[in-house]
Amino acid sequence: MQELVLIQPVRAAEKEFAQEAAQAALRREFEERLAECGPLAYRVARGVLRNNADAEDVAQEALLRAYRRFERLRDRGRFRAWLVRITFRLAIDRVRSSKRREVRETLWSETSPRPSTEDLAATSEFQAHLDRAMEELPEKRRLVLLLGAIEGHSLDEVSEMLGLPVGTVKSRLFFARKQLAEKLRCHVKTIEKR
Amino acid sequence: MPCENYREALIEAAATDSAPSRELRSHLDACASCREAFREERQLFAAVDSGLRVTANAEVPASLLPRVRAELNQRHVPQPSWVPAGAAMAAVVALVAVIVFLRGFGRDTVPTNASVNLFAQHVSPAEIQPDPPVVAAIEATSLPAKNKTVWAAKTAPVVQAEEAAVLVPAGERQAMDALLAGVRQGQVKADILLAENSEKALADLQISPLAISPIAMKPLADVGAE
Chain A
1 MQELVLIQPV RAAEKEFAQE AAQAALRREF EERLAECGPL AYRVARGVLR
51 NNADAEDVAQ EALLRAYRRF ERLRDRGRFR AWLVRITFRL AIDRVRSSKR
101 REVRETLWSE TSPRPSTEDL AATSEFQAHL DRAMEELPEK RRLVLLLGAI
151 EGHSLDEVSE MLGLPVGTVK SRLFFARKQL AEKLRCHVKT IEKR
Chain B
1 MPCENYREAL IEAAATDSAP SRELRSHLDA CASCREAFRE ERQLFAAVDS
51 GLRVTANAEV PASLLPRVRA ELNQRHVPQP SWVPAGAAMA AVVALVAVIV
101 FLRGFGRDTV PTNASVNLFA QHVSPAEIQP DPPVVAAIEA TSLPAKNKTV
151 WAAKTAPVVQ AEEAAVLVPA GERQAMDALL AGVRQGQVKA DILLAENSEK
201 ALADLQISPL AISPIAMKPL ADVGAE
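Chains as they are written, first to last, in the numbering used here: chain A, 1 to 194; chain B, 1 to 226.
This is chain A alone, in the form it adopts within the complex (with noise of 0.2 Å):
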């Protein structure tokens, strides 16, 4: 006797090509904004940790998290900003769960370039002040604050990835800005005397 076996050949292989040829498609269209899209995820990633190490780390996760949704994703055009607001988070999260906090910045100031001149000294102190103070800001007014820094974002641009009011956008980025002059003002002023 023959031995026979149940199978659904059409269906099931129709639905295996076309699932191949969506995926695909899907991973095509993601590799594009991630050429154009991973350096920004860096950036926001880097401004928050403040670690070359972590920053990549945490933008490679918020990456594959974006490809894992990306399916869900109904307007690809707002991708930009989505990822921005993955990566962000992320970052926030490890900071706070990081418990090992101080000692990567021990390790950051010792991998940070040794000054050769005390302008340069000037000014790696002053970098450090800001970090720190960019740090104490409000979490809303930080994001606006890094957006307009990186790439040179116009404030239509911070607007429309953060999916704010411009006026809003404005008042964020006066007051953070207006924060941290607060808290650099002594600074600057020690070191221009030197």
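Read the hints as simulated data drawn from the structure, not as lab findings. These numbers come from a predicted model, not from an experiment.
If you only want the chain A side, here are some residues facing chain B, beta carbon under 8 Å, derived: (1) Leu34; (2) Ala59; (3) Gln60.
We put the beta carbon where it would ideally sit given N, CA and C, even for glycine.
Guided by the hints, dock chain B onto chain A, whose structure is given.
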């Protein structure tokens, strides 16, 4: 007006990098100390902006995108959620079909065309051609079935699935699995098999009409005598 009253306006003008208002400008013209304070504020905000640009536009490591691509290739081949459930269901249906088939086969004492007899009560006469062997349940298939034995199973009670199902020799199942594996690995292009059906592909499956000899009608000889 004392200098303190201009402090906020002075900071705001420096922060927004905008021109001072007329009132503030006239004060700055008259007050050297506020002029100096305004200059310092502008320097401060310029330093903040410059520092922010340095922080925010750090060089992106060249390893980032290759790392992400490698991860995408390894871990994140998306699998549809219905695949495991579908596979399990297909396995159960196949098992039940085989059991029912074997039971039915055991009861049937006629060895030839056993499967035809088994399914004959469920299959309409138009779908059955006794010789060559049974060809049925093909309306849903677009694959060429030349020189293959396809057993009628579409209307069997054990196959209640929404999709059309057929019983085929085990080797054919293996061939289908190999084909799907080839598609997954990119050795076979799915587009070929997703193409529209061609008439030629199904031409070999055409069933010749039944040849029925005319029946001679004769009146019964003894009807009139009775």
